[in-house]
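Asks: We have chain A; now place chain B onto it with these hints.
Number of protein chains: 2
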Amino acid sequence: MTAQQPSDKALVPFVSVDHMMQLIHRIGLEDMLRGLGEYIEQDFRRWELFDKTPRIASHSAEGVIELMPTSDGEVYGFKYVNGHPKNTKEGLQTVTAFGLLADVSTGYPVLLSEMTMLTALRTAATSAMVAKHLAPKGADTMAMIGNGAQSEFQTLAMKAILGLKSVRLYDTDPAATRKCAANLAGHGIDVVACATPEEAIEGAQILTTCTADKQFATILTDNMVGSGVHINAIGGDCPGKTELAAGILQRSDIFVEFPPQTRIEGEIQQLAEDHPVTELWQVISGTAPGRTSNRQITLFDSVGFAIEDFSALRYVHDRLADTGLYLALDMLADPDDPRDLFGMLQRATPGAAA
Amino acid sequence: MTAQQPSDKALVPFVSVDHMMQLIHRIGLEDMLRGLGEYIEQDFRRWELFDKTPRIASHSAEGVIELMPTSDGEVYGFKYVNGHPKNTKEGLQTVTAFGLLADVSTGYPVLLSEMTMLTALRTAATSAMVAKHLAPKGADTMAMIGNGAQSEFQTLAMKAILGLKSVRLYDTDPAATRKCAANLAGHGIDVVACATPEEAIEGAQILTTCTADKQFATILTDNMVGSGVHINAIGGDCPGKTELAAGILQRSDIFVEFPPQTRIEGEIQQLAEDHPVTELWQVISGTAPGRTSNRQITLFDSVGFAIEDFSALRYVHDRLADTGLYLALDMLADPDDPRDLFGMLQRATPGAAA
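Note that the protein sequences, when read in sequence, are chains A and B.
Residues -3 to 350 (my numbering) make up the first sequence, in order.
Residues -3 to 350 (my numbering) make up the second sequence, in order.
Hints in this document: simulated from the structure, not taken from any laboratory.
Everything numeric in this text was worked out from a predicted model, so none of it was measured.
Even for Gly, the Cβ is constructed at its ideal location relative to N, Cα and C.
Treat each hint with caution, since some may be false.
Okay, the calculated bits of chain B under chain A, using three or more residues with CB under 8 angstroms as the criterion [claimed, not checked]:
{"#": "1", "stretch": "120 to 133"}
{"#": "2", "stretch": "269 to 280"}
Pair ranges (Cβ atoms, derived) [unchecked claim]:
{"#": "3", "chain 1": "B", "residue 1": "Asn219", "chain 2": "A", "residue 2": "Asp270", "range": "51 to 61 angstroms"}
{"#": "4", "chain 1": "B", "residue 1": "Ile185", "chain 2": "A", "residue 2": "Asp333", "range": "51 to 61 angstroms"}
{"#": "5", "chain 1": "A", "residue 1": "Asp333", "chain 2": "B", "residue 2": "Gly243", "range": "34 to 44 angstroms"}
{"#": "6", "chain 1": "A", "residue 1": "Ala284", "chain 2": "B", "residue 2": "Arg42", "range": "45 to 55 angstroms"}
{"#": "7", "chain 1": "B", "residue 1": "Lys85", "chain 2": "A", "residue 2": "Glu70", "range": "12 to 22 angstroms"}
Chain A extracted, bound-state conformation:
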């Protein structure tokens, strides 16, 4: 061991994309979605404990780069995430992400992880955990409008957490629907490819919209949505990007993660600033009503919040230790004497005695 060999505290476990995929297969995708849903639900129950701040966004003509920090007082976490709709044309992902957990008492990072894959799982697990609280009893059929990268995860999370039996797929691009249907084959769920959105919502109690246009779009029109459904609106998640006709919002009871963020980024940016919404953590902790009748339209105006990423990182951190599915990164300078950073550098001179 040479003088500059880092100590354990200076090494940060890093979960690569490949590690994450292996971890998902090791645990089992549906089990992991259920586990993530439980961690997210736990953190919604202790919502008031958390340091909450809207994400810190850096906008450009091409897209946005955001930092989403939060802390429960013992653990600190943040996610880096970009959103660049034009990336797809260049063969790149619209959204990529990574995240970090740190120990509040020392400030030392304890986990660095890819989060492109993990965000897909946590978004789906959040949707399904929320649907478990808000969808009509016995809901077993979902319309999945938008059959992109999130669609299979949404479907399997609804199966794992809510007992979904059937999914009805629609996308403006039939190739996306074919891809989604092929991916879901053999996963124990009935898959129906539909030619129109109207056909997709037939008989569905849960309507999930997840499209990617960065502009005001109307994926569901007012006359398409009848009573007694739960709408899970995923795609409207930044200023100028919405998916639902305003008329639907007016007829719905609206549930959100963190109002200051959702009012800027969610479907409700179409409504007055004081339009009533219910915070999900209150429903989940039992201090506000969720669904109160079978005729009601409930709407989860999902934009994604830092606490869900925190929960997901916490889950990965808890499941990682025994797996070996990480790389220990020499990320923190850790001199024997903390005041002697310079001495550490000098001892690392090539050829210097260890």
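Replies: Here is chain B on its own, set in the frame of chain A:
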């Protein structure tokens, strides 16, 4: 090559602490300090281009964790940094840091780097670059009050950028002074260990204070500071942490990085909110005067700003390509079809055909 093998775009170069130390030795510490000073100076000249925001801090009883983002419109960068004064007692660093650069047009990260070591260099390079603009002509002697982790870097940056010939060391702990003097031996600078701060400032035209107490302290009292000096105040860098008597501030012309941040974190938190200060970028770009007389006291109230970290990461990124001193991290999920994240996961099933 298997189906899940990441493409080049999905791989992010990571510079570990060991890589950074090797890079410093490869370039040479003083050359690197000069190079960093030039990059920082360039970015101060184009200051108005940058997206500037005060750091986003998460405070706890034990310390603080901060994110410091910025962007010049083409490149985005942020630094994660903690400050935990009690860490030293547990054999940990008070401050650790890492940073990231990303391409604004795609949102994809292009560099992840340790920044504990790099922050020490950029802080020193910033001090010396600023002293080059503000210190009295011919300044060649510095008092270095506080002989901790930053002291050697400050001294050698002043030598490399300003031509410092002599440093006079003082610390309340004589062991720190002995460590600093030993580390500086053989670096071509005259080192004088002093028993009192009064002795240390004798004949010095530059007074650098860099102590670590998280409380209002008075490292320099009013009667210790005569006319015609440049004060480089490093240690006062968070709310409640200052080093200089208010009387010195009243007699000085004060120069700062980013006033909204310095008024909260710097020495000037002791002054009225509208006390006049000069922004350094204006001095460096020639739109505001710096030192105007030999009798003047100039004070750089340094707290560290995101743009300096951005410059330092930019320098490392530019110097890295040929060195091989990095590890390519599989950090971004990169499916062949961006809409088919699920297919990528399925193809990574252990035992699946590639």
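Asks: Given a hint of 51 to 61 angstroms, does the C-beta separation of Ile185/B and Asp333/A actually sit inside it?
Replies: 22 angstroms, violated
Asks: Could you tell me whether the CB distance from Ala284/A to Arg42/B stays inside 45 to 55 angstroms?
Replies: Because 50 angstroms falls inside the window, the suggested range holds.
Asks: Range hint 51 to 61 angstroms: satisfied by the CB atoms of Asn219/B and Asp270/A?
Replies: About 59 angstroms separates the Cβ atoms of Asn219/B and Asp270/A, which means 51 to 61 angstroms holds.
Asks: Range first: 12 to 22 angstroms. Now tell me if the beta carbons of Lys85/B and Glu70/A are that far apart.
Replies: Holds, at about 20 angstroms.
Asks: Using C-beta distances, would you say chain A covers the stretch 120 to 133 of chain B, given that this needs three or more residues below 8 angstroms?
Replies: Result for this restraint: violated, n = 0.
Asks: Does 34 to 44 angstroms hold as the CB distance between Asp333/A and Gly243/B, or does it fail?
Replies: Distance hint for Asp333/A, Gly243/B holds at roughly 35 angstroms.
Asks: Do three or more residues of the stretch 269 to 280 of chain B come closer than 8 angstroms to chain A, measuring C-beta to C-beta?
Replies: violated (count 0)
Consistency with the previously given hints fails for numbers 1, 2 and 4, ordered from lowest to highest.
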